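A.B. asks: Sequence:
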Amino acid sequence: MILSYPVTTATVDTCIEEVVAWIEAGDKGRYFVCANPHSLEVARHDREFDRALRHADLVVPDGIGMVLASGILGGCIKDRVAGSDIFRELNLALNEKGGFRCFFLGSTGENLSRICDRMAKEFPCIDVVGTYSPPFAEEFSDEESQAMIAAINRAQPDVLWVGMTAPKQEKWIYLNKDKLNVKFIGAIGAVFDFYTGNVRRSHPWFLKHGLEWLPRLLQEPHRLWRRTFISAPVFFWLVLKQKIR
12 MILSYPVTTA TVDTCIEEVV AWIEAGDKGR YFVCANPHSL EVARHDREFD RALRHADLVV
72 PDGIGMVLAS GILGGCIKDR VAGSDIFREL NLALNEKGGF RCFFLGSTGE NLSRICDRMA
132 KEFPCIDVVG TYSPPFAEEF SDEESQAMIA AINRAQPDVL WVGMTAPKQE KWIYLNKDKL
192 NVKFIGAIGA VFDFYTGNVR RSHPWFLKHG LEWLPRLLQE PHRLWRRTFI SAPVFFWLVL
252 KQKIR
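Residues 12 to 256 in the working numbering are what the sequence shown spells out, letter by letter.
Any given hint could turn out to be false.
For each label pair, taking beta carbons as the anchor points, the in silico distance ranges come out as [unchecked claim]:
hint	residue 1	residue 2	range
1	D57	L84	19 to 29 angstroms
2	D90	K252	21 to 31 angstroms
3	N192	R55	43 to 53 angstroms
4	F147	G208	18 to 28 angstroms
5	A158	G86	17 to 27 angstroms
Keep in mind that the hints were calculated from the coordinates and are not lab data.
Given the structure is predicted, the values throughout are model-derived calculations rather than measurements.
We put the CB at the ideal spot given by N, CA and C, even for glycine.
Model the full assembly from the supplied sequences, consistent with the hints where possible.
C.D. replies: Below, the structure is given as structure tokens:
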């Protein structure tokens with residue numbers, strides 16, 4: 012537990028094995044979220060986001076900050092598990108088995124079209140049965156949410172990928188998962204843009220050394236400065252307090 016959140020200690024491979032088992036079992040409404048220092052700090056002040064994280068079936072340690080926090084607390088998280096890892100490896104596993112269906116919710120129509128094109132080339136045995144570009148707004152009206160739910164349920168996907176940024180995507184999933192006829196839901200935020208190349212991922216050297224945040228901060232300082240210079244220090248202060256207790 013990191014700041015009372017149930018962050019998994021499992022490897023990417025073990026996570027994927029568990030998710031595939033959930034999908035094959037036919038359970039409905041299971042979902043995963045990514046935890047990082049910024050998201051846990053935001054959740055301290057957002058009750059609905061807090062509930063969305065705590066009720067997730069899988070919470071992965073997305074970022075070197077989570078690995079460092081686990082080490083401080085005497086935990087056994089050795090490697091980060093990013094949303095892009097879950098996206099890539101689950102698609103590889105489902106593509107190998109064949110016969111599975113997925114849906115993409117979020118981003119722009121143009122970006123969703125590019126996602127479909129790349130999915131068809133890389134994972135030809137997965138059927139992309141639909142996409143939906145929701146309005147760009149902090150919150151959705153009941154009518155907007157109902158339209159999204161109806162589109163998803165008509166398509167009958169096994170997997171729903173949601174890329175609407177945190178905490179909006181996690182809160183939407185938590186509030187609507189029981190209305191969705193979907194076996195597994197993934198909140199993967201920026202992965203939509205990483206996958207199409209709209210946003211470049213950091214060089215593998217930065218990933219290997221836990222510095223992925225640095226190039227991203229330089230690319231998008233207006234969006235990421237707060238999580239780097241405010242959320243992260245507060246997070247580690249709270250982790251140290253947990254350690255002392």
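A.B. asks: Now look at each hint and say whether the structure bears it out.
C.D. replies: Going down the list of hints, with the structure as the test:
{"no.": "1", "hint": "D57 to L84: 19 to 29 angstroms", "result": "holds (23 angstroms)"}
{"no.": "2", "hint": "D90 to K252: 21 to 31 angstroms", "result": "holds (25 angstroms)"}
{"no.": "3", "hint": "N192 to R55: 43 to 53 angstroms", "result": "violated (33 angstroms)"}
{"no.": "4", "hint": "F147 to G208: 18 to 28 angstroms", "result": "holds (21 angstroms)"}
{"no.": "5", "hint": "A158 to G86: 17 to 27 angstroms", "result": "violated (42 angstroms)"}
Against the hints set out earlier in the document, violations occur for numbers 3, 5.
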